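Hey, can you work out the whole structure from these sequences and the hints?
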Amino acid sequence: MLKNYFKIALAVLKRRKFFTFISLFGISFTLTILMVATAFMDKILSPDYPDYKRARSLYVSTMEYKNTKEGWMNRSDVSFYFFEHYVSTLKTVQKMAISSNAKASNAYVNNKKLVIEYKYTNADYWNVLEYRFLEGKAFQQREIDNAELVAVISEETKKAYFGDAKTVIGKYISADNINYRVIGVVENVSKTLYNFSGDMYLPYTISKDYKDIDLMGGYNAILLAKSEADVPKIKKEFDQMVKKLPLPKDFDKIYCNADPFFANITRRIAGGGTSNGLTKVVSIISIFTLLFLLLPTINLVNINITRIMERSSEIGVRKAFGASSKTLVYQFIVENLVLTFLGGMIGIILSLIAIHLINGANLISNMHLSINFTVLFYSLIACIFFGLFSGVYPAWRMSKLNVVKALKAQ
Amino acid sequence: MIRLQNIEKVYRTDTVETLAINGISLDVAKGEFLSIMGPSGCGKSTLLNIMGLLDEPSKGNIKIDEQDISRFSDQKLAKFRNQKLGFIFQSYHLINDLRVLDNVELPLLYRNSSAKERKILATAALEKVGLSNRLKHFPTQLSGGQRQRVAIARAIVGNPQIILADEPTGNLDSAMGNEIMDILINLNKNEGTTIVMVTHDESMAHKTHRLVRLFDGSQFNNQKLC
Chain A
1 MLKNYFKIAL AVLKRRKFFT FISLFGISFT LTILMVATAF MDKILSPDYP DYKRARSLYV
61 STMEYKNTKE GWMNRSDVSF YFFEHYVSTL KTVQKMAISS NAKASNAYVN NKKLVIEYKY
121 TNADYWNVLE YRFLEGKAFQ QREIDNAELV AVISEETKKA YFGDAKTVIG KYISADNINY
181 RVIGVVENVS KTLYNFSGDM YLPYTISKDY KDIDLMGGYN AILLAKSEAD VPKIKKEFDQ
241 MVKKLPLPKD FDKIYCNADP FFANITRRIA GGGTSNGLTK VVSIISIFTL LFLLLPTINL
301 VNINITRIME RSSEIGVRKA FGASSKTLVY QFIVENLVLT FLGGMIGIIL SLIAIHLING
361 ANLISNMHLS INFTVLFYSL IACIFFGLFS GVYPAWRMSK LNVVKALKAQ
Chain E
1 MIRLQNIEKV YRTDTVETLA INGISLDVAK GEFLSIMGPS GCGKSTLLNI MGLLDEPSKG
61 NIKIDEQDIS RFSDQKLAKF RNQKLGFIFQ SYHLINDLRV LDNVELPLLY RNSSAKERKI
121 LATAALEKVG LSNRLKHFPT QLSGGQRQRV AIARAIVGNP QIILADEPTG NLDSAMGNEI
181 MDILINLNKN EGTTIVMVTH DESMAHKTHR LVRLFDGSQF NNQKLC
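Read top to bottom, the protein sequences are chains A and E.
The numbers in the UniProt record's numbering rise by one with no breaks, and the one at position 36 of the first sequence is 36.
The numbers in the UniProt record's numbering rise by one with no breaks, and the one at position 93 of the second sequence is 93.
There may be inaccurate statements among the hints.
[To be verified] Okay, derived cross-link-like pairs now, SDA-like style, lysine to any residue, Cα gap no bigger than 20 Å in a straight line: (1) E:Lys-79 - A:Ser-325; (2) A:Lys-7 - E:Phe-138; (3) A:Lys-408 - E:Asn-171; (4) A:Lys-3 - E:Lys-30; (5) A:Lys-7 - E:Asn-96; (6) E:Lys-224 - E:Ser-203; (7) E:Lys-84 - A:Thr-327; (8) A:Lys-17 - E:Asn-96.
Rather than coming from a laboratory, the hints here were simulated on the basis of the structure.
Predicted, not measured: the structure shown is a model, and the values here were computed from it.
Here is the structure:
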């Protein structure tokens, strides 16, 4: 039976070439956009270089004060002081990677200005995150304790600043008129991982603000648990510690959270107070995706109705010879799935081309999108969504056709 | 085999009611070859469609093979049509996207027969109508007579007890029409298939066992021919 459905589906596709083109264009174009978007989301959300230990990590990046009576609110990144004085006392945290937000400095190469984004980090930053060193190594506790002017630079910075020099270890890089001795070169990190990407990494002890006694500052941290099972324990201990923080003047509540990776992002975008913004962000993305899928689906429904009604005579014949309404609905859904999967395959090819072009254009620095099984899986889901939703209604309408009227329609 | 009791069919639109069939009662015996004649619009095809369970009467009862089909669900009706009835239409109603063999296999698709079994039975049916050399052709590659023979093969492939033919020779010249008629007569004679045929052609009707004439939705003549 299925073979017969496939045969007829392909024959119908061949017969109405213009309709087929419009349908396939709609499906493949929509899927291409969805697949590129999924590849982008996957790039952001899946463990990626250098942050591979997400399953046993919690991320801290916002501090919020609230005056619940007056409705005031103050929100910022977190201070180094907070991590050093409070978080470091937590027993369940195995290691803590602290880094500052990226700051821009200017360097000059052959009289050309080069903007170098740098970050301050602690020693464990290099143990928690798995940067790949192309040469040299990370700075250790000794260099941090001595506030040495040493730097780990990215491959991109090496090329931009030193040109084609084979090795740059021991050489000096000058940014904002301060000379740093290069002790390591790491592979570039995609800009989508804004917490970890940078052109240059420096010991925090040479920063000006790490001693500021304040809960708010310009730092964030990853709290690494011994095992995945320990993650909730860290969360619990962290929350208890936050409750004991001294309240700043004029405020009666402090909110600071250790979140999983995605919740950490959503908290920054849409969170506040006790809400991590996850539901809000997921809902917005889902509604947007649904609407985005709905438009071509409605278009496909229309095309399918026209297509199916053209085949009234065939429907009449099939009913006369024993097809029930249910069987016909099944047949037309199968036919529609053939169409959508064909569109899906074209969509995959178009996505590969689009991703190749996006990667080549380097739209976001060092971001390399790829189509992997996760992306393909979601595309398959989108195909099924298309196939079913755009096929069910026309198929149902068609199955309700009166046989005699259907036969007369020829 | 077929029993129609006081069948009425009314077509309603917002403003008009048309009585297409007005209280027809008719029995068709097993193995009988019955023809129905009458002027255009007298309700011949409507009656045939009601007999074939393609249309519902507004009033009256239909029994086929002693079964009252008025309470059948869509699923049961479909199964009943598939197993007991075969249809031949004036304009053939073949599916042009499918090859001849696939067209003939169609009723067997809804019986869950295996592909092998379907192919054997469809080939045999096409042999009976003399078209075993056209299995891979598409309907559009055939003449009118050949198409109607494919339609007959499709109607008989499932070995139904009843065949309902709506002007099967209506679109054919007399030579082709006679050929088709011979096939139907042989089917009735050799296989014992009950056939009800609507026709405009008096000479074709006179080759059947009995002729029923309709006028304005009513039966006005029932003539035994042989």
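Contradicted hints - numbers only: 4
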